[in-house]
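Participant: Please arrange chain B on chain A, whose structure you already have, making use of the hints.
Protein sequences appear in the order of chains A and B. Using the numbering used here, the first residue of the first sequence is number 2, and each one after it goes up by one. Using the numbering used here, the first residue of the second sequence is number 70, and each one after it goes up by one.
Since the hints were derived computationally from the structure, they do not count as laboratory data. Errors might be hidden in some of the hints.
Here's a subset of chain A near chain B, in silico, CB distances under 10 Å, partners left out [to be verified]: (1) Glu13; (2) Leu14; (3) Ala20; (4) Leu29; (5) Val45; (6) Ala47; (7) Ala48; (8) Ala70; (9) Pro77; (10) Ser123; (11) Val134; (12) Ala135; (13) Leu149; (14) Gly156.
Footprint (simulated), chain A over chain B, 3 or more residues, beta carbon under 8 Å [as the list claims (entries may be wrong)]: (15) 72–78; (16) 299–309.
Where a beta carbon is used, it is the ideal one built from N, C-alpha and C, also for glycine.
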Amino acid sequence: VRASRAPARDRELPPLVLALAFAGAVLLRVGLTGPAGAAVFAAVLAASALAGRAGCRVTARSWAVGLLAAVLLVVPALLHTGVQATMPAGAFPLWALGTAAVAATEEAFLRGAFFDAVSRRSSPDVAVVLAAVAFAVMHVPLYGVHVLPVDLAVGLVLGAARLAGGSWTAAAVAHVGADLAGWWLL
Amino acid sequence: VIRRWVVAAAAALLTAWVLAPSAVPIYDGIGNPDEPYRWVHPPAHARDTPPPTTATKTLRASGGRNVDDAYVNTGEFGPQISVYIPVRALDTPDNATDVEVTVTPVRSAVPPPPDGTLASNVYRIAATTAAGPASLDDSGDAQRPAFRMRAPDGKQPGPVAEHFDGTTWSRVGTSRVGFDVYQASLTALGDWALVRLDPAKAAPQAADTSSTGSTNPLLIAVGAAAVLLAAAVVAIRVARARRAH
Chain A
2 VRASRAPARD RELPPLVLAL AFAGAVLLRV GLTGPAGAAV FAAVLAASAL
52 AGRAGCRVTA RSWAVGLLAA VLLVVPALLH TGVQATMPAG AFPLWALGTA
102 AVAATEEAFL RGAFFDAVSR RSSPDVAVVL AAVAFAVMHV PLYGVHVLPV
152 DLAVGLVLGA ARLAGGSWTA AAVAHVGADL AGWWLL
Chain B
70 VIRRWVVAAA AALLTAWVLA PSAVPIYDGI GNPDEPYRWV HPPAHARDTP
120 PPTTATKTLR ASGGRNVDDA YVNTGEFGPQ ISVYIPVRAL DTPDNATDVE
170 VTVTPVRSAV PPPPDGTLAS NVYRIAATTA AGPASLDDSG DAQRPAFRMR
220 APDGKQPGPV AEHFDGTTWS RVGTSRVGFD VYQASLTALG DWALVRLDPA
270 KAAPQAADTS STGSTNPLLI AVGAAAVLLA AAVVAIRVAR ARRAH
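The following block holds chain A by itself, in its conformation from the complex (with noise of 0.2 Å):
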């Protein structure tokens, strides 16, 4: 029975370590800055994902859950600074597809296996919680302390998603939605 339990305990990676590789991998995006910083990021949380076994299950109800939790994230934005639409258009597709990478591998990471790995060792509560200041402070060395309050709730909102969605994805469609829209807001 220990020899069976060892492998399986072996296979799960434990917090700290998921937690050392997502430091490492904001440390190198701040490091390197621009689209090379942000691949780098992208690269090393994918890995950390893989590694981390976050299985990726697209359901009716992650999308439809993703899309509400979207819905719910860009309202404030949009009564707060309307509809400004400065950026050009022309540039938005390419844009989009990079956005919507790095965007679908943080959840993937942060609320597929670092949630994952903190729900088993703690519980989904502490889960959400730590992933939620996790993706907050992450954005603070980019835009500034300014962003923390927001970005924490974003947070929240993002593992509310990943709860009620059953899978990390329901929280990268409302990520991914919100990031997309705020092109429109800028």
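Facilitator: Showing chain B alone in chain A's frame:
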């Protein structure tokens, strides 16, 4: 549990937007290649571009302060300057109901900084109301305004932000926040530019806390070490699991 988290998260989002709104960027994304820098006075090697743009934003005011926050971004892609004005950061005449913040590329000749060469246009940041000029609040009870300026390139060591008060240039602490984007506190309204320091001329200033370009290799090294350490732990665990089979 799910319903509890949905309600809690929605409440947190509403509270965050009401108490500490963050105009843009809303969440995140990745950078896109910028258009070539638009110079007021193009250097010899510069490409032909349209002229640089002016940015204007009107904020509501009440009781002698602005009650809206806003980013005032010029129209280039990406903006050559983005000024963030937090709530209550501007002092206005008591009867003012609006304050207009403008960011204008300065076309008239400005004396060159003594410690280096201009690495950007000079931008004039002004705030006015129908009842008179507005000024930066110095009571310390509001978040300090800040701005980001885009340099024409990402050459390192990067430039620093300097303020011109009409007679002298003074450096402020500058952080590199993107490939070619630099951020500094808006310590005064008036003329601002990025200046590439000339080591022969640039005496260190007490107020200079520039971190441009100097911390990146360290961050990369520490980040890479953390990732490698995590990878090593994963490799050991995978090897142990295989051996146990």
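Participant: Given A:Glu13 was flagged as interface, is its beta-carbon under 10 Å from a beta-carbon of chain B?
Facilitator: holds (9 Å)
Participant: Let's test the interface hint: is any C-beta of chain B closer than 10 Å to that of A:Val134?
Facilitator: violated (12 Å)
Participant: Should the interface hint for A:Pro77 be scored as holding, given a Cβ-Cβ cut-off of 10 Å against chain B?
Facilitator: holds (4 Å)
Participant: Hey, does the A:Gly156 contact hint survive, CB to chain B under 10 Å?
Facilitator: holds (9 Å)
Participant: So, as I understand it, the hint says A:Ala135 touches chain B; can you test that by seeing if any CB pair is closer than 10 Å?
Facilitator: This hint is violated: A:Ala135 lies away from chain B, its Cβ roughly 13 Å from the closest one there, beyond 10 Å.
Participant: With a cut-off of 10 Å on the beta carbons, see whether A:Ala20 makes it to chain B.
Facilitator: Check passed: Cβ of A:Ala20 comes within 9 Å of chain B, closer than 10 Å.
Participant: Is the coverage entry for the stretch 72–78 of chain B by chain A consistent with the three-residue Cβ rule at 8 Å?
Facilitator: n = 4 at 8 Å, threshold three: holds.
Participant: Given a cut of 10 Å on the nearest C-beta pair, is the interface hint for A:Val45 held or broken against chain B?
Facilitator: Hint holds; A:Val45 Cβ to chain B Cβ min 5 Å, cut 10 Å.
Participant: Does the CB of A:Ala47 sit less than 10 Å away from some CB of chain B?
Facilitator: Check failed: Cβ of A:Ala47 comes no nearer than 12 Å to chain B, outside 10 Å.
Participant: Min Cβ distance, A:Ala48 to chain B: is it shorter than 10 Å?
Facilitator: holds (8 Å)
Participant: Are 3 or more residues of the stretch 299–309 of chain B near chain A, judged by a Cβ distance of less than 8 Å?
Facilitator: holds (count 7)
Participant: Given A:Leu14 as an interface hint, is the shortest Cβ-Cβ distance to chain B below 10 Å?
Facilitator: A:Leu14 check passes; min Cβ-Cβ to chain B is 7 Å, inside 10 Å.
Against the hints set out earlier in the document, violations occur for numbers 6, 10, 11 and 12.
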